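In order, the protein sequence lines correspond to chains A and B.
Using the working numbering, you'd call the opening residue of the first sequence number 1 and step up by one each time.
Using the working numbering, you'd call the opening residue of the second sequence number 1 and step up by one each time.
Do not rely on the hints blindly, as some may be mistaken.
As the list claims (entries may be wrong) - Below are the BS3-like pairs computed for lysine-lysine, each with C-alpha atoms no more than 25 Å apart in a straight line:
| id | chain 1 | residue 1 | chain 2 | residue 2 |
| --- | --- | --- | --- | --- |
| 1 | A | Lys11 | B | Lys155 |
| 2 | B | Lys37 | B | Lys152 |
| 3 | A | Lys56 | A | Lys11 |
| 4 | B | Lys185 | B | Lys155 |
| 5 | A | Lys11 | B | Lys107 |
| 6 | A | Lys56 | B | Lys70 |
| 7 | B | Lys155 | A | Lys12 |
| 8 | A | Lys41 | B | Lys107 |
| 9 | B | Lys184 | B | Lys70 |
| 10 | B | Lys107 | A | Lys33 |
In short, the hints are calculated from the structure, not lab data.
None of the values given here were measured: they were computed from a predicted structure.
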Amino acid sequence: MKLVKVYVTLKKSVLDAQGEAIKSAINTMGYDKVSDVHMGKYFELSFPDDYAELEKDVDTICDDLLANPNIETYRYEIAEAE
Amino acid sequence: MKFAVINFPGSNCDMDLFYAIKDGINENVQLVDYREKSLAGFDAVMVPGGFSYGDYLRSGAIAVHAPIVKEIIRFAAEGKIVFGVCNGFQILTELNLLPGALIRNEKSRFVCDITDLTVINNQIAFTNQYQKDETIRIPVAHGEGRYYCDEKTLKEITDNNQIIFKYNDNINGSVDQIAGVTNKKGNVLGMMPHPERAIEDILGSADGLKLFQSIINEQVRVNN
Numbered sequence: 001m002k003l004v005k006v007y008v009t010l011k012k013s014v015l016d017a018q019g020e021a022i023k024s025a026i027n028t029m030g031y032d033k034v035s036d037v038h039m040g041k042y043f044e045l046s047f048p049d050d051y052a053e054l055e056k057d058v059d060t061i062c063d064d065l066l067a068n069p070n071i072e073t074y075r076y077e078i079a080e081a082e
Numbered sequence: 001m002k003f004a005v006i007n008f009p010g011s012n013c014d015m016d017l018f019y020a021i022k023d024g025i026n027e028n029v030q031l032v033d034y035r036e037k038s039l040a041g042f043d044a045v046m047v048p049g050g051f052s053y054g055d056y057l058r059s060g061a062i063a064v065h066a067p068i069v070k071e072i073i074r075f076a077a078e079g080k081i082v083f084g085v086c087n088g089f090q091i092l093t094e095l096n097l098l099p100g101a102l103i104r105n106e107k108s109r110f111v112c113d114i115t116d117l118t119v120i121n122n123q124i125a126f127t128n129q130y131q132k133d134e135t136i137r138i139p140v141a142h143g144e145g146r147y148y149c150d151e152k153t154l155k156e157i158t159d160n161n162q163i164i165f166k167y168n169d170n171i172n173g174s175v176d177q178i179a180g181v182t183n184k185k186g187n188v189l190g191m192m193p194h195p196e197r198a199i200e201d202i203l204g205s206a207d208g209l210k211l212f213q214s215i216i217n218e219q220v221r222v223n224n
């Protein structure tokens with residue numbers, strides 16, 4: 001099995017309100033040198049080993065569903081599932 | 001006119017829209033389940049507020065793949081009236097029928113209030129009964145209503161007069177205080193505030209009624 005790990009984050013130009021709130025909590029915990037927190041989403045998609053055009057289909061799934069290209073970017077890694 | 005109000009799992013303002021049309025402007029209205037595949041016989045489609053699919057993934061992102069959505073896209077392409085309120089607005093931007101996106105409010109806080117909006121463009125099917133620059137009082141209730149678009153898109157929608165409503169006070173941090181936008185043709189409107197909750201004085205405002213009357217007025221104009 002192939003395991004595709006997809007990471008979706010907001011574009012740098014879009015304010016990450018949740019990241020900001022989390023950063024403020026981390027600072028309050030005493031870690032006041034933490035200067036930036038970005039929150040994103042993580043997905044794991046499993047495919048059979050012989051899946052044809054894996055990257056092409058993962059790109060389409062990301063573009064059409066997992067990420068909104070107006071506000072988000074994504075990247076993914078393809079690993080062997082254990 | 002015959003209006004369809006789409007009902008997704010998690011829609012919760014569908015009945016508000018239903019009554020705004022039925023009792024506000026006395027027109028024919030029917031709830032349509034998201035699993036239906038046809039909107040044949042309808043003249044306009046309304047996408048209600050709520051939390052379709054629990055706002056999983058992103059607000060509106062899952063609803064985009066429901067069977068009825070192909071018909072919403074067809075209506076938009078044919079120049080028929082398509083109106084999205086709140087979660088409906090989020091769905092229409094996810095569909096790219098409208099520019100931009102709705103993201104979490106600037107202060108990460110759910111806003112539930114009645115707000116003043118300015119009518120920026122009163123020349124479309126949804127606003128012809130308002131005055132330009134008129135201030136109207138309309139309720140808002142959302143956590144992810146902050147309108148976002150990049151600078152290029154902002155210039156485009158400004159130049160094309162696609163910005164229809166703006167907040168007088170920027171309650172959620174929206175780009176250019178935008179509360180509602182239309183497509184290039186002006187037949188698709190999305191807005192975060194709820195005009196369907198402002199159709200009689202006893203509700204605190206009747207300023208939303210003219211939006212629905214505008215649609216009827218436009219239909220009469222087109223038919224003549």
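Taking each numbered hint in turn, which are not upheld by the structure, reported in ascending numerical order? 2
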